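> One letter stands for each residue in the lines below.
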Amino acid sequence: MAKMNMLQAINNALDTAMAANERVLCFGEDVGIFGGVFRATSNLQQKYGKTRCFNTPLVEQGIIGFANGLAAQGSVPVAEIQFADYIFPAFDQIVNETAKFRYRSGNLFDVGGLTIRAPYGGGIAGGLYHSQSPEAYFAHTPGLKVVVPRNPHQAKGLLLAAIHDPDPVLFFEPKRLYRASVGEVPEEAYQLPLGEAEVLKEGTDVTILGWGAQMEVIEHAVEMAEKDGISCEVIDLRSILPWDVDTVAESVLKTGRLVITHEAPLTGGFAGEIAATIQERCFLYLESPIARVAGMDTPFPLVLEKEHLPNLLKVYEAICDSVEF
Amino acid sequence: MAKMNMLQAINNALDTAMAANERVLCFGEDVGIFGGVFRATSNLQQKYGKTRCFNTPLVEQGIIGFANGLAAQGSVPVAEIQFADYIFPAFDQIVNETAKFRYRSGNLFDVGGLTIRAPYGGGIAGGLYHSQSPEAYFAHTPGLKVVVPRNPHQAKGLLLAAIHDPDPVLFFEPKRLYRASVGEVPEEAYQLPLGEAEVLKEGTDVTILGWGAQMEVIEHAVEMAEKDGISCEVIDLRSILPWDVDTVAESVLKTGRLVITHEAPLTGGFAGEIAATIQERCFLYLESPIARVAGMDTPFPLVLEKEHLPNLLKVYEAICDSVEF
Amino acid sequence: MTTTKSKTVHSPIFTDGAEFRISTFKLLKQDGSLYKGGKAPDLGKEKALRIYRAMVTTRILDERMLAAQRQGRLSFYMQCTGEEAAVIGSAAALGDSDMIMAQYREQGALAYRGFTIDEFMNQLFGNNKDYGKGRQMPVHYGSKKLHYMTISSPLATQIPQATGYAYGQKLAGEGHCTLTYFGEGAASEGDFHAALNMAAVHRVPVIFFCRNNGYAISTPASEQFAADGIAPRAYGYKMDVIRVDGNDVLAVYQATEKARRLAVEENRPVLIEAMTYRLAAHSSSDDPSGYRSKDEEAIWREKDPILRTQHWLKSHGWWSDSEEKELQERLRREVLETMKQAQKRPAPALETLITDVYKEVPPALNAQFEKLKAHIRRHPDAYPKSANDPAITGKPASTQKGEA
Amino acid sequence: MTTTKSKTVHSPIFTDGAEFRISTFKLLKQDGSLYKGGKAPDLGKEKALRIYRAMVTTRILDERMLAAQRQGRLSFYMQCTGEEAAVIGSAAALGDSDMIMAQYREQGALAYRGFTIDEFMNQLFGNNKDYGKGRQMPVHYGSKKLHYMTISSPLATQIPQATGYAYGQKLAGEGHCTLTYFGEGAASEGDFHAALNMAAVHRVPVIFFCRNNGYAISTPASEQFAADGIAPRAYGYKMDVIRVDGNDVLAVYQATEKARRLAVEENRPVLIEAMTYRLAAHSSSDDPSGYRSKDEEAIWREKDPILRTQHWLKSHGWWSDSEEKELQERLRREVLETMKQAQKRPAPALETLITDVYKEVPPALNAQFEKLKAHIRRHPDAYPKSANDPAITGKPASTQKGEA
Ligand SMILES: Cc1ncc(C[n+]2csc(CCOP(=O)(O)OP(=O)(O)O)c2C)c(N)n1
Ligand SMILES: Cc1ncc(C[n+]2csc(CCOP(=O)(O)OP(=O)(O)O)c2C)c(N)n1
Ligand SMILES: [Mg+2]
Ligand SMILES: [Mg+2]
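Chains as they are written, first to last, in my numbering: chain A, 1113 to 1437; chain B, 1113 to 1437; chain C, 4 to 407; chain D, 4 to 407.
Just so you know, the hints here were simulated from the structure itself, not pulled from any lab data. Just so it is clear, the structure is predicted and the values come from calculations on it, not from any experiment. By construction, the Cβ of each residue, glycine as well, lies at the ideal position given by its N, Cα and C atoms. Some hints could be false.
Dumping the calculated EDC-like pairs for lysine to aspartate or glutamate here, alpha-carbon to alpha-carbon at most 20 angstroms [what the hints assert, rightly or not]:
id	chain 1	residue 1	chain 2	residue 2
1	D	Lys362	B	Glu1308
2	C	Lys306	C	Glu327
3	C	Lys374	A	Glu1331
4	C	Lys241	D	Asp19
5	B	Lys1162	D	Asp121
6	A	Lys1162	C	Glu269
7	C	Lys374	A	Asp1358
8	C	Lys362	A	Glu1392
9	C	Lys374	B	Glu1436
10	C	Lys10	D	Asp384
11	D	Lys374	B	Glu1134
12	B	Lys1418	C	Asp99
13	B	Lys1418	C	Asp19
14	A	Lys1418	D	Asp19
15	C	Lys362	A	Glu1314
16	D	Lys10	C	Glu22
17	C	Lys10	D	Asp19
18	C	Lys241	D	Glu22
19	B	Lys1418	C	Glu354
20	B	Lys1366	B	Glu1310
21	C	Lys376	B	Asp1433
22	C	Lys374	B	Glu1310
23	D	Lys241	D	Asp384
24	C	Lys374	A	Glu1335
25	A	Lys1418	D	Glu22
26	D	Lys10	C	Glu373
27	A	Lys1418	D	Glu373
Calculated Cβ distances over 10 angstroms to all of chain D for the following chain C residues [stated by the list, open to error]:
id	residue
28	Ser9
29	Glu49
30	Leu69
31	Asp194
32	Ala258
33	Ser288
34	Ser292
35	Lys347
Turn these sequences into a full structure, and let the hints guide you.
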């Protein structure tokens, strides 16, 4: 075990994967000698050479098109998109190509080796274009897997699982926690399961569900709520697609209440999908409406980002409202 | 009034708009002399000249980038994307640019004049790439308006409203109904309101909600259900974003039950947003779980599209289940 | 830092490259003789006939299947007609294990590699022997064993994929390359720019083969780009380029053969622009009379690539009228008979609705499938294609699978 | 149908355009004298000084604001340093009502047009006088009255927008054009390809101005493209192109002036490639020592465009050391004082969170805002920026607005 921040854990996962399998390649804008603008790929070019870790030209649709081809050929590409806000030029390659490759070919060809990494989320004074949380855009796309880690240990285990997974995975990294989140991380290879939520804390009054950086917000909100005597069950969804309906439903069947929170705007955010599914699965057990605490239905602001974000006070209030309904 | 099919109504709306305002321009792949692959822009080049109605090179990101610039300049572009399945190369221009243009500039600049038309939906043996219903991808994007008409009369009135609207509008046309849906359409200009759902039929037992081509499916399903003595209230949402929460909530407060249907895959589809919002607004009034009848969580198939689609029997069964819950 | 070592001038001179017109490489005249100074590639009779037979197969398949579409047997079809030399001449210059990533109008390349009429038919009818499991529209072929990537409708997406695929081949070091076909229309997409630039920067063994057939559906090349074709774009990437008469199978073959050597031996990506013409409609849904003249079509019908090849073969004594007749009749028969069989085969299993979305079917999708099956069991009459599916009836499936 | 009238050849010759090297247009030597044969544009003293003052303003603003960022007063900053001649020389050759659509490193063009230090500061600090209402990161300027489109971070998106904007200008027929700036890195995006091709096909009065400053963050131009810069791409679109020494304000001015004539008078879009160097870090978040040498930077520091311009001015007797000193001191003072004021101004009104998403705030968003306000009222201490906002306190707002 070693103390690592999230960037180090990610770097370590990439290093581990590249050492174990020479078909693993890392590339993207500035990921070469520079090691990426956040330094997630530091030293990988130095260690594995320019053919396996390299800068690409500045063209996201090309990066993912190239990665799709590489994956179809049998390589194991780990492509970086510099900010999740800049993944949209590659939307067609991801949604029409990556996601449908295996299905449309009747399993003759697939791009299962592909992993796409991108830092996402707000709280870093990034404004409209360095703050977005685009997971819901992809969660409407059968064929993709979407994963978001909450801390360094999770980041390494989930990223290694993503790289090994036989399906293409979008791996969104909470950049606000890149350096802020520090923890013990095993130095050897290990994988954490995709598609499985994790119950972080058991409780009986209300279930609080989130993912990524929002788990930290939840932690603090729950601390406040517990001081009020509210017993909270906390779940990290981890995989947005496919998501672990059973774990969430089981929890809500027990608590009767659910608060979901994400940074992305409310309307069309993934909390909507979860709420819709859970109200159906747990209808007779729900004691209050499923609450969503999300970003406002606006682009991401700058100066007033604190007001915009679903922070701990908002989550705390939603917990209280849910219990007092 | 004249009998028109939906294509004629759309063509007539474009003609009306171009005649009234010389800043209205229509362009896209094959929309020039040929009038578009579905002939929605027939005769417009002949009538208004090559500068106002023209073919573009084959590049969706360029079409929308160009359209954004034109709209910022004060023109009123109506850009066609040949199939909604091919809108994704323009996703960045739409989601990062069109949607955020006014907000990010503090209202110095806007692209409110822009309308993007695209045929969407299945049922025409189109397979993966001529069948998609991508409205939910855009409905997660504050700054956009998303509109879907259900018949020729609606198509003309909503399209004219979209063209006149001071915000950018995505206008998805149910191509399955292009020729199949025929009705009386006023020859003069008229607009139907954006952001307002329409109650097509009042009822007391259950509310059925959809949009676009799905309204025809609902109509038939409701006929069956009414024969069983179930009184159905039918709502056409019409505007997906912003959507008319009040009209839907009011209906569900009355009926206590809601069935939502769309062609797009279930997970992350817009029915999830609606269900999440309505369970919150109408919690104490719901007598059964809100049901969603949607496409399966797969790419769009070909040979088995009938099995995949949320057809009238599936909607009918969902109505029965909802009432019998 | 800029690396340019460009000359300095002191007056502001603009250039548009018009003086750098790219020549067209031609070997074969329409009558089957060679241009003076031209040297035919050393094909040999066997290979020449393999090429020719693939051309005729493609033409006849196209004719028959368009007719079948018109008769309502098929929902949709796209013809290669007029472009057989461009497609088959290039495919023939590759190694049979090189990867081909095509647009959709390149069935000739598959025919050349030995995709059988039966295999074509199964895809066209989306029956239970279709490798693609009836999920895509007709002409979206793919074959793993023939190294032919399954077609996808979104245009140009395969071009950067070809760059990536070829990068992988380069690392694998087995001497393979990738050839990607695309139309002059698709070359307007952003993906084209990305693909060529990345290939040039990363020195990837890929051949970009543009079929410039003059139209993208109704849009003439003159409304697609202002330049002299697609070829000059290569200069922008410092990529080797050649323009070739696309109706001249020998020139196409030789250009591609040489391009392949540059790609495989020197890791130099190459752009080939084949000047040709789409003699048929864009697809069975299209009617070209709305946007081009019969006269124009007639000019190009005179340049028929198959006849041209035939004349050349005959000039070598490698082909005769009776062989032609025999081949055509045999193919027509085979197409018709195979079509009848393919049409009779059942639809793919109901289960194919949910497989291959992921490697393993996820639980929620499985639950959707269970719900669907129960629904179909309640309404068997409404689902004639699947009411008798083993997943519904519980009776065992009769699996019929070939090697794709 | 292909319209190419290309020459025919009978052997397969590949070309990569290497022989068509594009020259670099230069007028001014570093010492302020002209190259032999070069003829300076007839700028006149007034315009020359307007240009020069904008260059110095930009440099000093950049120096001060980077320092302010280092002091923690500002979250982020980007310098134009080293590229002032490219940006301001080109902006000066436009009409003041021509539209500029920039990338982000072109504050010099705004300074030239008369954006005040106060206007810069309000944006940088996102205060209640920022036209952009504090929504975007520092350096995302915009000015309607100065015809300068608000910057957006996603790269290259403004390039096809410029094509569209210019198409509208052409229809309007008022003799305006659009100039769009972008880096050699951004030119790799698909949007670049779309923009140039569409402009050439539709004959649009747009000038594509590429600042080739050698780097895209850490990525050197040699890993961005294999070709000799960006200029040769113009040939692929049959577009007029000129390469110019980007540190030479006279050459840039003259090239742009001529480009503007081609655009406005003949509807010919033009590509200009200005060869220059990003002397500073990419942004305040970047440290170039990780990817380039001090030696390389030193070479370019010798080519400082401001000093070069200053030497030229002095050679005309239009500028003196004392004027230089006075200007620099005045600007430093103005920047510091204005900064202090701007920093003191309050944040934009809370309401700006929800306005301008649409022209009118939709009901659901309004409801979200009501909820937020109630929430802030319950926890005023947690929201120091907005606890005293009129929307929270109910007291009237003090609106301060200029013409943007
Ligand atoms: C991204 C995308 N946009 C639009 C289409 C619709 N479409 C199909 S084929 C075609 C024309 C293609 O022309 P070209 O590339 O020249 O190939 P050709 O048909 O001439 O062989 C168009 C516009 C598509 N399939 N994909
Ligand atoms: C679509 C997109 N991808 C990535 C980025 C991140 N990014 C910001 S600036 C930059 C480099 C741009 O280089 P260049 O275009 O050469 O301009 P320069 O900074 O040299 O002026 C990158 C990669 C972005 N802003 N937008
Ligand atoms: Mg074509
Ligand atoms: Mg640069």
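> All hints, please: hold or fail.
We went through each hint and held it up to the structure:
Distance restraint check for D:Lys362 and B:Glu1308: the Cα-Cα separation of roughly 17 angstroms lies within the 20 angstroms cut-off, and the hinted pair is therefore satisfied. Annotation: proposed proximity of C:Lys306 to C:Glu327 holds, straight-line Cα distance about 19 angstroms (limit 20 angstroms). At roughly 38 angstroms between alpha-carbon atoms, C:Lys374 and A:Glu1331 are farther apart than 20 angstroms, so this suggested pair is violated. For the given pair, C:Lys241 sits about 5 angstroms from D:Asp19 by alpha-carbon distance, which is consistent with the 20 angstroms threshold.
Restraint check: the Cα-Cα separation between B:Lys1162 and D:Asp121 comes to about 46 angstroms, which exceeds 20 angstroms; the hinted pair is violated. At roughly 18 angstroms between alpha-carbon atoms, A:Lys1162 and C:Glu269 fall within 20 angstroms of each other, so this suggested pair holds. In summary, the hint linking C:Lys374 to A:Asp1358 is supported, as the alpha carbons are separated by about 17 angstroms, within the 20 angstroms threshold. Distance check on the hinted pair: C:Lys362 and A:Glu1392 sit about 28 angstroms apart at the alpha-carbon level, beyond 20 angstroms; violated.
A C-alpha spacing of about 17 angstroms is found between C:Lys374 and B:Glu1436, which places the hinted pair at or below 20 angstroms, so the restraint holds. For a cut-off of 20 angstroms, the pair hint linking C:Lys10 to D:Asp384 is broken: about 65 angstroms separates their Cα positions. With a CA separation close to 43 angstroms, the supplied pair D:Lys374 and B:Glu1134 exceeds the 20 angstroms bound. For a cut-off of 20 angstroms, the pair hint linking B:Lys1418 to C:Asp99 is broken: about 39 angstroms separates their Cα positions.
Under the criterion of a C-alpha separation no larger than 20 angstroms, the hint pairing B:Lys1418 with C:Asp19 is inconsistent with the structure, at around 54 angstroms. Among the hinted pairs, A:Lys1418 with D:Asp19 is inconsistent with the structure: their alpha-carbon atoms are about 54 angstroms apart, more than 20 angstroms. Annotation: proposed proximity of C:Lys362 to A:Glu1314 is violated, straight-line Cα distance about 33 angstroms (limit 20 angstroms). Between D:Lys10 and C:Glu22 the alpha-carbon distance is near 12 angstroms, which keeps this suggested pair within the 20 angstroms criterion.
Only pairs whose Cα atoms come within 20 angstroms are accepted, and C:Lys10 paired with D:Asp19 is accepted, the gap being roughly 18 angstroms. For a cut-off of 20 angstroms, the pair hint linking C:Lys241 to D:Glu22 stands: about 11 angstroms separates their Cα positions. Distance hint between B:Lys1418 and C:Glu354 is fulfilled; the C-alpha atoms sit about 14 angstroms from each other, no more than 20 angstroms. Of the pairs offered as hints, the one joining B:Lys1366 and B:Glu1310 holds, with about 16 angstroms between alpha carbons and a cut-off of 20 angstroms not exceeded.
Using a Cα cut-off of 20 angstroms, the hinted pair C:Lys376 and B:Asp1433 holds, with the two alpha carbons roughly 17 angstroms apart. For the given pair, C:Lys374 sits about 31 angstroms from B:Glu1310 by alpha-carbon distance, which is inconsistent with the 20 angstroms threshold. A threshold of 20 angstroms between alpha carbons decides the hint, and for D:Lys241 with D:Asp384 the separation of about 62 angstroms lies outside it, so the pair is violated. Of the supplied pair hints, the one linking C:Lys374 and A:Glu1335 is violated, its CA atoms being roughly 41 angstroms apart against a limit of 20 angstroms.
The suggested pairing of A:Lys1418 with D:Glu22 is violated, with an alpha-carbon distance near 57 angstroms, which exceeds 20 angstroms. Restraint check for D:Lys10 and C:Glu373: the C-alpha separation of about 65 angstroms exceeds 20 angstroms, so the hint is violated. For the proposed pair A:Lys1418 and D:Glu373, the alpha carbon gap of about 16 angstroms is at most 20 angstroms, so the pair holds. Listed as outside the interface, C:Ser9 is inconsistent with that label: its C-beta sits roughly 5 angstroms from the nearest C-beta of chain D, within the 10 angstroms cut-off.
Distance check on C:Glu49: its Cβ is at least 23 angstroms (rounded) from any Cβ of chain D, clearing the 10 angstroms threshold; non-interface status holds. Remark: the non-interface label on C:Leu69 is consistent with the geometry, its nearest Cβ contact in chain D lying 21 angstroms away (cut-off 10 angstroms). With a cut of 10 angstroms on Cβ distances, C:Asp194 falls inside the contact zone with chain D, its closest approach being about 7 angstroms. Listed as outside the interface, C:Ala258 is inconsistent with that label: its C-beta sits roughly 5 angstroms from the nearest C-beta of chain D, within the 10 angstroms cut-off.
The beta carbon of C:Ser288 sits about 21 angstroms from the closest Cβ of chain D, which is more than 10 angstroms, so the claim that it is off the interface holds. C:Ser292, annotated as away from the interface, keeps every beta carbon of chain D farther than 10 angstroms; the closest lies near 15 angstroms. Remark: the non-interface label on C:Lys347 is consistent with the geometry, its nearest Cβ contact in chain D lying 42 angstroms away (cut-off 10 angstroms).
Hint check: violations occur at hints 3, 5, 8, 10, 11, 12, 13, 14, 15, 22, 23, 24, 25, 26, 28, 31 and 32; the rest are consistent with the structure.
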